[in-house]
Amino acid sequence: MVRAVGNTLIRQRQRGGPGNVYRYLGRRLLHSIPVVVAVTVGAFVIIVLVPGDPALNMLGYNATPESLAILRRDLGLDRSVPEQFIGFVRGAVVGDFGESILKKEPVRDVIATRAVISFSLLFYSAVTAVVVAVPLAILSAVRRNRWQDHLMRLGSMITFAMPSFWLGLLLALFFAIRLGWLPVAGYDKTNVLTILRSLTLPAATIGLFLAPILARTLRSSIIEVLDQEYVEAARARGYRESRVIGRHVMRNSLIATVTVLSLIIGFMISGSVIVENVFAIPGLGSLIVDAVLQRDYPVIQALVLFFGLTVIVINLAADLTYAAIDPRVRLVTG
Amino acid sequence: MSFTLERGATLALVGESGSGKSMTCRSIIGLVPKPGEVIEGRVMFDGRDLLGSSRTELRKVRGGEIGMVFQDPTASLNPVYKVGNQIVEVLRIKRGMGTREATRRAIELLDRVGIASPATQFHSYPHEMSGGMRQRAMIASAIAAEPMLLIADEPTAALDVTVQAQILALLTELQQDTGMAMILVSHDFGVIAQHCDHVAVMYAGYIVEQAPVQEIFDHPSHPYTQALLASIPQLDPANRWEMVPVRGQPPELSKLAPGCPFSPRCEFVRDGCESVPMSLQEVGPDHVTACPFVTWRDRVATSPHLRDGQP
Numbered sequence: 001m002v003r004a005v006g007n008t009l010i011r012q013r014q015r016g017g018p019g020n021v022y023r024y025l026g027r028r029l030l031h032s033i034p035v036v037v038a039v040t041v042g043a044f045v046i047i048v049l050v051p052g053d054p055a056l057n058m059l060g061y062n063a064t065p066e067s068l069a070i071l072r073r074d075l076g077l078d079r080s081v082p083e084q085f086i087g088f089v090r091g092a093v094v095g096d097f098g099e100s101i102l103k104k105e106p107v108r109d110v111i112a113t114r115a116v117i118s119f120s121l122l123f124y125s126a127v128t129a130v131v132v133a134v135p136l137a138i139l140s141a142v143r144r145n146r147w148q149d150h151l152m153r154l155g156s157m158i159t160f161a162m163p164s165f166w167l168g169l170l171l172a173l174f175f176a177i178r179l180g181w182l183p184v185a186g187y188d189k190t191n192v193l194t195i196l197r198s199l200t201l202p203a204a205t206i207g208l209f210l211a212p213i214l215a216r217t218l219r220s221s222i223i224e225v226l227d228q229e230y231v232e233a234a235r236a237r238g239y240r241e242s243r244v245i246g247r248h249v250m251r252n253s254l255i256a257t258v259t260v261l262s263l264i265i266g267f268m269i270s271g272s273v274i275v276e277n278v279f280a281i282p283g284l285g286s287l288i289v290d291a292v293l294q295r296d297y298p299v300i301q302a303l304v305l306f307f308g309l310t311v312i313v314i315n316l317a318a319d320l321t322y323a324a325i326d327p328r329v330r331l332v333t334g
Numbered sequence: 001m002s003f004t005l006e007r008g009a010t011l012a013l014v015g016e017s018g019s020g021k022s023m024t025c026r027s028i029i030g031l032v033p034k035p036g037e038v039i040e041g042r043v044m045f046d047g048r049d050l051l052g053s054s055r056t057e058l059r060k061v062r063g064g065e066i067g068m069v070f071q072d073p074t075a076s077l078n079p080v081y082k083v084g085n086q087i088v089e090v091l092r093i094k095r096g097m098g099t100r101e102a103t104r105r106a107i108e109l110l111d112r113v114g115i116a117s118p119a120t121q122f123h124s125y126p127h128e129m130s131g132g133m134r135q136r137a138m139i140a141s142a143i144a145a146e147p148m149l150l151i152a153d154e155p156t157a158a159l160d161v162t163v164q165a166q167i168l169a170l171l172t173e174l175q176q177d178t179g180m181a182m183i184l185v186s187h188d189f190g191v192i193a194q195h196c197d198h199v200a201v202m203y204a205g206y207i208v209e210q211a212p213v214q215e216i217f218d219h220p221s222h223p224y225t226q227a228l229l230a231s232i233p234q235l236d237p238a239n240r241w242e243m244v245p246v247r248g249q250p251p252e253l254s255k256l257a258p259g260c261p262f263s264p265r266c267e268f269v270r271d272g273c274e275s276v277p278m279s280l281q282e283v284g285p286d287h288v289t290a291c292p293f294v295t296w297r298d299r300v301a302t303s304p305h306l307r308d309g310q311p
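Heads up: the sequence lines are chains L and U, in that order.
Quick note, the first sequence lines up with residues 1 to 334 if you use the numbering used here.
Quick note, the second sequence lines up with residues 1 to 311 if you use the numbering used here.
Isolated chain U (complex conformation) (with noise of 0.2 Å):
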């Protein structure tokens, strides 16, 4: 797989559970969990191979010029320390600062992410807040050391709805202000459209297609994305199509046959799926897919989901 991201701008990496979304994210700062390994490969970051890194580069890289926001804020808070203070440690370690400095600039930061009355919520421990409060944290302390790279890996899957979209308004408002890149893990259609420039569709831990968030909208190539697309339910009256699951599971990555991974579960299979490579080819303007058998064009003509010009 292999995808590039400029600076200050959005990648969102879609696609099921288990696809390897959070995966990736990880592999690119080196912490994949045992017993897993990045077998092979390079992660260029501002000019250097992060894979090919020590761990001294790697330590300095984390926290410092990436930073990452996990999903549940709950869980990837210290419960036993004041939600101030994790962000304090993040200054004083990456940015070397005194403790003086540090608090001011924690208050700060807390204030930066709308979080009400700052210097008090400083003192909370994670479990007084609520669950966006405690993103928000979580966010704070990410941008902390004032990252290149922001990697959000699904932020706001444990949050109810309504704070959601404040969190993911949140996250472009920081970027736009400080210019970093962010990579955005997402199942949400909607989410993507709204806040990100590049998708990179993944499935069984290969990108499968990949394109400017508008070329996927209009002309999703490869039958996963289509059967993703189709699987939205949708509102607007006026403009509507029956929502079709995907049908069948996502296949265990330790047992994958040989050829497209999405075979099994492909309207379009045909003779040859088990044999093609994993390969990206173009299809479109910046626009790649896996699947090398039929463009776009094909696709739109004969997709059940996607026939009478939708969407």
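The shape of chain L in the complex, shown without the other chains (with noise of 0.2 Å):
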């Protein structure tokens, strides 16, 4: 009796759940083509649309006709546009992007290697954002309109109205410069815990930013779930209420927190690029600003294009996890 109540449990499971999951992934990746295309697109015309001429902007006016047709030919300037953008294309496929003019390295290298710190700590900040606002939602939510919850928004407004250089600044005028807890500025990859220290405060400023956001979206959303029957039926089961918020009700709110989360993917790449120069981080940040500043082009493409990328793909993540949250979802789209 019980191994066959037990064979069932298996056959059903792996003629339910999955499949679904794996069309509705299918479907999610179908859907990025066209972005994906668009993004490429975008990122070549970047060079094709610079006014006047990419070589003589990088070398300046000093330049001598023939290190700018060496330039030329180096980035394939010389060819039709078509032909540039096959070139690119085939280029950006295997992840060869030509070299940096600045730093005369490959640019994939380049990127590499700032792009794992940047991710560091962009994954730092969401994580700090996170733990910062997931108790303050819960508990603004739970003490609604309570002085908890007028705190919270207060609270959230003002750090939010703070830009996050001045905020950046702040912290590391008290941890740093004050307490001494912490680096001023700098990188130093000795080891890991180093690494953690020097992410710290950037992850801070950038976490601090973000979290009244979350909090907020979060709140609101915690509030609406608070609401429904099935939280009451959880209540009248006779659960501790914490069990009734942390399993009935959070995993029901994280939709919501999951969206905000990824919009503001892009918003955090675009924060980085300040707060990696404000607390000197050679991540990507500082990298777009240099490549801009130098116009090193080449490494400018590549990065929109990286970019561009990264945020395609924390936009399938984040479908994947409503996804794994709400198998409702994977009923609507699969």
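Interface residues of chain U toward chain L, partial, derived using beta-carbon atoms under 10 Å:
#1 26
#2 55
#3 58
#4 64
#5 74
#6 75
#7 78
#8 82
#9 86
#10 93
#11 94
#12 127
#13 144
#14 151
Hints were generated in silico from the structure; no laboratory data involved.
Please read these numbers as outputs of a predicted model, since none were measured by experiment.
Each residue gets a CB set at the ideal place from its N, CA and C atoms; glycine is no exception.
Take the two lone chains and join them into the complex the hints point to.
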């Protein structure tokens, strides 16, 4: 009897869930193809649309005709636009974006080293934002319209209104200069601990900037879920309030949070440009500033494409997370 | 208001929407939504006063000794968890079972409430089930901890008519098997006649009449009860009276005037109605009513709805 039951359980599990998820994923992947194409075209068009001659822009007006010709050939600017585009796409597919004018290294390597740093920072910031926002949102929703709620909303307005560079400077002033707990700036890659210490202030800066947005969205979706009858039903089953909130409310409130998180990733990337410069973190943010200032076109092109793809991947991940959180999502689109 | 319920018996709470039926149910297990609160009174359950109980004690009673079935199973099952796991959760927390044992028991329970291929349905999400199936699953979760009392708050209101009878039959059957008591909230006198022993008629938060089910149908005493009974459409051509809706609207509970809250809608309103206390007095065997003016014998003779010896 028991064995028969067990077998049925396993069969059902194979038949039901995952197939649906794969179909859902397949559809989401198809949806992102046009976006990838658009981003690729966009990244390429930058160099075509640049006013004047990119080679001249890069080398300056004192450049000799010979060096200009060499650079044009290196960049492929002596070919027709369609030829250039095919060359760009062909390179992009295998990750070959040519050589950085500034650093005389393959663009791919320049980006790869810095991407690791930037993504660590982004991840650290997102974790900080979530760790700060989730408890605040719960407290604020459960104590709706009480002083805890008002305090949270006021506080979130204040941190959100602060420009991130200024918040960064304040944090650095207090934790690095006054207390001396953390380095003021710079990136010490000796070991994991020093890396963490170097990234803490920048991550806190970005995280505290994002936390209010997250906390507010989460607060309102928690309040909405708290009014649902299944929450009442969970209470009527005599579960502890911590269980009611943690298990029955939170999972249903998370969708909104994931949406906001995925939307603000793009925001975080641009936010990290400023913060990486404030804290002298050698990530993609400071790379793109250097590249723009120095007219390092291959790097700019590659970064635009890279950022675009990152946002696409993150959105895909968000879609998958929805499906993991709420089974009804699989049904609707699957 | 006051009512008692014996072990194994079924009490019906009847009344229009907004008459306080659901609030009564909720106050029994201490779940009155804020900012409401139970101002005074006692809820005696198995020799204890639940109103005076600590939150921990109350939590033990909820879902343990008192199970609750809600109106709309679509809303009262959590959409993101498998139906089976929601029952497993009850068993693990209220009965302290391990996952494996709880899973086996949950499948038995799904089978018990009449869900076909329970081992398969264990893995369904609520949205993958029909309304009737969902309500069966909800009932399974409510009886999982083998409660002494089951509170069913209009358990069929959100269901298809064809399914309603099945669900009620299931509740009665479960009750007979387990000997649990049941409070059935309903506004369907047909359902009440079939499934309940006692009836408490509620109006504006008061119980206005309470009696054994046969007594209520034979000798409805409060004008509101009579009006409710008269508003039931009859299909039997040999035994038919004209359906008379209760005129007017139920009052707003926050603006209740002193005296009998039904008096503005009452056919028999008279001087003194505005100052009667809403206390229950005996008018028949085990039969109490809040209307102090007429006994049921007078009422039958004068009621415009109930002439010709009906019902």
